[in-house]
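Chains as they are written, first to last, in this note's numbering: chain S, 1 to 83; chain P, 1001 to 1196.
Hints are not guaranteed to be accurate.
Claimed, not checked - Here are the simulated lysine to aspartate or glutamate pairs, EDC-like style, with alpha carbons at most 20 Å apart:
(1) P/K1085 <-> P/D1041
(2) S/K75 <-> P/D1015
(3) S/K75 <-> P/D1020
(4) S/K75 <-> P/D1041
(5) S/K50 <-> S/D60
(6) P/K1016 <-> P/D1044
Since the hints were derived computationally from the structure, they do not count as laboratory data.
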Amino acid sequence: MVMLTLTERRAVGEHSRMKNSNPGSGKDAALSGSKGDGASFRDPISLALKRLHETVVSEDVPEDFLNLLAEIDRKLEGEGRAE
Amino acid sequence: MTTTTTRPPLSAADDKQFRDNLVAIIPPLRSFARGLCGNRDLADDLAQEAIVRAWAARQSFEPGTNFRAWMFMILRNQFYTTLRKNSRIVAWDPQVAERTLVAEATQQDRVNVQDVAKALQKLPAEQREVLILVGANGVSYEEAAEIMGCAVGTIKSRLARGRVALAALIDGPDDEPAKPSPAPGGTGSPSLLLAG
Chain S
1 MVMLTLTERR AVGEHSRMKN SNPGSGKDAA LSGSKGDGAS FRDPISLALK
51 RLHETVVSED VPEDFLNLLA EIDRKLEGEG RAE
Chain P
1001 MTTTTTRPPL SAADDKQFRD NLVAIIPPLR SFARGLCGNR DLADDLAQEA
1051 IVRAWAARQS FEPGTNFRAW MFMILRNQFY TTLRKNSRIV AWDPQVAERT
1101 LVAEATQQDR VNVQDVAKAL QKLPAEQREV LILVGANGVS YEEAAEIMGC
1151 AVGTIKSRLA RGRVALAALI DGPDDEPAKP SPAPGGTGSP SLLLAG
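Let's have the full structure, built from the sequences with the hints guiding it.
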């Protein structure tokens, strides 16, 4: 059975932290307001909005989500599709 | 992004890739949901429902297109469907959201983040959504337009208006009561949590 390992659990959070720490990406350009909304990357509102997001994505993924993924894995296994 | 044409069944590799995409999208999906409804438990319920629906509809996702936008659209639709269908909904409790949203913030951040979290839930839904998507989640204007089903210019104007409104709310009286704001094309308030 393909289960969500502890490493994978950590990777769930790490993935988002990595995605949100790339200041050169186009998405971060949008975050920074550098594409024309007139906002400054370091203005308090932008920083607070980003902080809201980072607070949630840095949380441990609740058990319910892991159970959901395990259920998907069981379905894959039932179809002979698990690794 | 999606297609109505009949495609061959997904391969084992496709299913595995889709499952891995779901794993990776969980944190940003929870963040988007939390921003929409301002309540941790309801947000996680919405995110889980979106995952279930996405898995059931994985055949309709076109590999190589924007998975995050596809997932956010599913969650957004689920959010407004929940609002329309559930009569046991009460006004959002800003104190609950503040506790959950800023639990790990630093002392200096806490001042700004609390104010912004509180003010966000007083904004019209269309402005709050775009601030959460572009400002908090860091999606591009184009992706936000795709998720919200509107033009890029509309996203920019909503973002600009939202930022002005947010700043005004933050600078305004702190004890001003939260006012429910209408959902776009729907009924009831978007700043909600389930009662009981």
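The hints, checked one at a time:
1. P/K1085 <-> P/D1041: Status holds; Cα separation ~18 Å.
2. S/K75 <-> P/D1015: holds (11 Å)
3. S/K75 <-> P/D1020: holds (14 Å)
4. S/K75 <-> P/D1041: violated (26 Å)
5. S/K50 <-> S/D60: With Cα atoms ~18 Å apart, S/K50 and S/D60 stay inside 20 Å; holds.
6. P/K1016 <-> P/D1044: violated (23 Å)
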